[in-house]
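> Chain A is already provided as a structure; the job is to place chains B, C and D on it using the hints.
4 protein chains.
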Amino acid sequence: MKTKALVLHKAGDLRVEEREVGEVGPDQVLLHVGAGGLCGSDIHYFWDGGIGAIRVSEPIILGHEAAGTVEAVGVNVRTVKPGDRVAIDPSRPCGTCRFCLEGMMNQCENMDFHGSAMRKPHSQGLFRNRIVVAERQCLPVGDKVSLAEAACMEPLSVALHAVNQAGSLMGRRVLVTGSGPIGALTVAAARYAGAQEIIATDIADAPLKTAIRMGATQTINSAKQPDRLATGFSAHKGWFDVAFECTGVGPVLPSLFPVVRPGGTIVQVGVMGETSIPVNALVGKEISLRGTHRANTEYALAAALIRDRRIDVTPILTATLPMEQAAKAFELVRDRNTQMKVQLSFTD
Amino acid sequence: MKTKALVLHKAGDLRVEEREVGEVGPDQVLLHVGAGGLCGSDIHYFWDGGIGAIRVSEPIILGHEAAGTVEAVGVNVRTVKPGDRVAIDPSRPCGTCRFCLEGMMNQCENMDFHGSAMRKPHSQGLFRNRIVVAERQCLPVGDKVSLAEAACMEPLSVALHAVNQAGSLMGRRVLVTGSGPIGALTVAAARYAGAQEIIATDIADAPLKTAIRMGATQTINSAKQPDRLATGFSAHKGWFDVAFECTGVGPVLPSLFPVVRPGGTIVQVGVMGETSIPVNALVGKEISLRGTHRANTEYALAAALIRDRRIDVTPILTATLPMEQAAKAFELVRDRNTQMKVQLSFTD
Amino acid sequence: MKTKALVLHKAGDLRVEEREVGEVGPDQVLLHVGAGGLCGSDIHYFWDGGIGAIRVSEPIILGHEAAGTVEAVGVNVRTVKPGDRVAIDPSRPCGTCRFCLEGMMNQCENMDFHGSAMRKPHSQGLFRNRIVVAERQCLPVGDKVSLAEAACMEPLSVALHAVNQAGSLMGRRVLVTGSGPIGALTVAAARYAGAQEIIATDIADAPLKTAIRMGATQTINSAKQPDRLATGFSAHKGWFDVAFECTGVGPVLPSLFPVVRPGGTIVQVGVMGETSIPVNALVGKEISLRGTHRANTEYALAAALIRDRRIDVTPILTATLPMEQAAKAFELVRDRNTQMKVQLSFTD
Amino acid sequence: MKTKALVLHKAGDLRVEEREVGEVGPDQVLLHVGAGGLCGSDIHYFWDGGIGAIRVSEPIILGHEAAGTVEAVGVNVRTVKPGDRVAIDPSRPCGTCRFCLEGMMNQCENMDFHGSAMRKPHSQGLFRNRIVVAERQCLPVGDKVSLAEAACMEPLSVALHAVNQAGSLMGRRVLVTGSGPIGALTVAAARYAGAQEIIATDIADAPLKTAIRMGATQTINSAKQPDRLATGFSAHKGWFDVAFECTGVGPVLPSLFPVVRPGGTIVQVGVMGETSIPVNALVGKEISLRGTHRANTEYALAAALIRDRRIDVTPILTATLPMEQAAKAFELVRDRNTQMKVQLSFTD
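Residue numbers (the working numbering), protein chains in the order written: chain A, 20 to 367; chain B, 20 to 367; chain C, 20 to 367; chain D, 20 to 367.
Careful: at least some of the hints might be erroneous.
If several chains are the same, the list does not tell them apart, and a pair holds so long as it fits within one copy or across any two.
In silico lysine-lysine, DSSO-like type, Cα no more than 30 angstroms apart, as pairs [what the hints assert, rightly or not]: (1) K256 to K29; (2) K304 to K139; (3) K23 to K100; (4) K304 to K29; (5) K139 to K256.
Don't read these hints as lab results, they were simulated from the structure.
With the rest of the complex left out, here is chain A (with noise of 0.2 angstroms):
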């Protein structure tokens, strides 16, 4: 059986390709790919062709967040059956690494992740047709919800990880700053965790009305009001428990620490290079900034709170457009006045 797959051969180079979809193996499952988002690095993959020292190198077809329906199910399977709708857990970690035993698996050595160019040759993505994969990366999300929100279980996923470096967020004041895609989902997953408090900033009005509508209970336009963090939250050395940073723009994370308070904690999640931090502040207030790098025991449960909707994200889904015409839509995601996740569609 064949299906079509969405191949990037270079920067600005998408194509639609014929692939091989392959065997069902005895522990594996047959799916129908329903939707997929567009992401930080797929869109960095087309734009730059790569992302800091990640290149893509050879064709690759992108995609790690999707959904879809199963088709067919190997002799072993026992969690799916035809029919199902699933959001597919796009990390495949080796399970026998010195990581993957102390149950980091996202920090694994040897890891397979859907739609990356970290590794060569690169692991092939999930924006196409059709796709054989393991049982265990079909998380059911029952027929309650729409492919298109199951294909947010990823990055809220993600925004769930972010959320569990930070400890209990119960009654805490916290701050995303960056309301886009993951910081919008930061916000849904700190107001699912108990804070009391978020205030999510941006440069653009549109992401944060959607903030608004994600569990922010109050927002800054920086744009804007370029002094309102500084000025308003600094007092008594500072306002914040948490402070999550998902814009990845270098002067912002300097201005956290003025915000946050002694002994509080900022949560880096944006992606970036050599940055500038005031040790002085982070010192003299015992502050700790903390990475977090995708998702690791988080799946399970973005899929249940999505199939549950206990956390809705439609709000984030923007715009969909069919896979043939991805680049369309990868020029469409840069507009944040209007988008937040762009998706594809797939269809025979």
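Chains B, C and D only, in chain A's frame:
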């Protein structure tokens, strides 16, 4: 009663002056000071007239590392008596602000720390013959150790507090960058806390020899072997569970990210201003970078460890000069090839 | 000024008496009390003349769950003004003992907790028309919720404190045994803190219905289905990450060990005396059994959650009687088939 | 090749029998066993035919504490070579169950632990001349220490794991009840982890003398001074930060609640059945009672500490008998006035 005090008027202008000792209140103790150590802030005040934004703007008696002998006690005092030898806790938190009531006394909003120019009027320091302090500032050190050792209580408590930022060190692989007094004491504190392996670095050989005597299992002269750390300890995403950065030198901090394991911790002990760090490594490896500031609950432990010589601080004691030769002491302490902790003695 | 107060002289002997209200000091607030809830200790005092070793040995005004309206404020008071509606924090720690300075105010050695017979003279309670309290005891609840709801602040803070003993509950499987007022509020607190699954038990159906309204995902009537827990949740060494034991009934605690997972936590909320536990299971599965006592830092959060109705406590409010019918209220509250929280109202 | 093995057929029926050694696979190592220690489970198997619900129902080679010398290695083996002396890690987790993948190998659902009758067929033990084990079970101990010391690796790892249940012990006040081999090693582990004060108890004087040699700062003979603990350490709600209960004797556990501080931890190390505890004290003082089971990640650390004699285990080694006199060894070990750890030697 009068005392001789060592008063800094401005950078380089240090004078022995007379001061009134004052009455001994009911909960207070009159001490004859026996030994006082020069610390980094004293040295910056003397040579630079301040440190960062903190400036010496009025005459200040220097010193916050000292020990002495009890000469008289107030009527309510129960825990010490004349003749007792004590280390002086220089920390005077208010006990009523938000941070004090959360148990973070070192973050006290009204901290009155002996010998600090952080607030105005400056907090007067301990470099004087006699001083009246509160009973709770007097930590008995018994009769087995010298007052010179006892005067190391404060920097040892700083090292213990740094160790407390890293959770349990039992069985951990630890890196300490910078083997000056604080680095060497951090080596000792990490050893005391059960670290299995402690690698110490410096750019001079003399402090590295001291680090070995304080408990380091291996040393690296990073001036002679600038690549040793990166080449020897980067495999499998990094060797060290915890790194203590004690140099306060900008380029050292970023060099730690390749050698600290995923999920590991960097405790920043040295103070410095804006410093560039590789955020992508912090994020990708989920490293925690955490500041540590002075000490909080560790003073009594530090005094007990010195009293019982469970931590022997004598290897760091390199020179003692009478207070009248303080300027010479501030010269001497800059010679890292021969000096670690330089102390002053105080006699009538 | 006089107030009417509900004074317990000995078991069953409850009288409405007049008391002097007293002056309003500079940091104090005069409140008109609007609603007060009967709690377990009130009930034990009334029926048994004490609880365990704590005995009512002199007249005591009952009550530590109450809310009211500000009538007058002292000259220094800034955070409330006449007309404001507030929940009353009944906890008055000394602020100077070892535990207060470690941030464990609920362990204060000199605690003066309204309506408690724990110390002598007893701490007088809140069941009276008017009372003068400290400004910091007044937690504003806004105008949207009733004083009856506001009077649930204290038991909700107890539930939040119990949840805080268990670390982050995000995504966790939670068991709550006993669905009386504290159990039901613990369900709500666990839900608020992001628990994914919350199974509540009781021996009566009525409280189980309330538990569902408070956020339980499933309930078990353990009188009707005594084996349901053991048969349904013991596989693979136990289903639950965390159990909250709210019955205070001896045989319930040991029944939790088979259904809590290895490394899991049992938080004991209910009070009882000597109780037998299966130590071999505690050891073999490395379970943590942890006590929780009143609340510490959670009062302000509880007030805010009720104020904003992020936690809706109305399902537990089953009856209100005027203070003159208090004895009848103490009868009524024993009927677990119809009653959860029984409150008193106070009018001039 | 044949080996002599010590096979228990039923309580009291211990025989030296011949067994086939088997081939050395590519990742395996042939060891000549030099020393093996009698542990509590061996003793219970020998005298009682089991322990609690675990029964010896078929012939089982005893022993899970042993050390030996490498005689041959498989083709893939890199970390040891013939002639190397090693401690044997008796733990063989499956590496694929839920608990293994969470990093809790000691909770493995399919654990194959040498010398354990927990599963059927029983896991055969280490009391034999020669054995083939996996490379990863071989922990080198160098040439400075005896094989008798090396054979203490397993019980030391149990003590280290117990210490790991209590968080950082740096500067803590620690109580260890029961100074048999595990208690004495727990004293040493707590000392190694930086405990400031370690008080050990027992009902016999001999083990208390050993406890002092292992690092206890004070001892109490609770047979001679039954009230000493309660009268000396209950003030201000309890003296100890952490208690390790190593007796496994019912009435000892409840006696710890008055002497452990609010918020403190009791780690239950000894195994016993149903035991009564004062739940009101657990609740009122918010104590954590926590079980500990075998060891998890601590085997390598234990081997290294013995190798470098950072923990000297020789004080607990009281007698060695040849395997042919095993029955006599099982007699001897019951004499707590003269014996701590009794070991067997194995010669061709």
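> Next step is simple, just say for each hint if it's right about the structure.
Hints, verified against the model:
1. K256 to K29: Result: close only across copies, 29 angstroms inter versus 48 angstroms intra.
2. K304 to K139: between (43 angstroms within a copy, 20 angstroms between copies)
3. K23 to K100: Classified as within: same-chain Cα gap 23 angstroms, cross-chain 54 angstroms, threshold 30 angstroms.
4. K304 to K29: Classified as between: cross-chain Cα gap 28 angstroms, same-chain 46 angstroms, threshold 30 angstroms.
5. K139 to K256: For K139 and K256, only the inter-copy Cα distance (18 angstroms) is at most 30 angstroms; the intra-copy one is 47 angstroms.
Every hint, counting from the list given before, is met by this structure.
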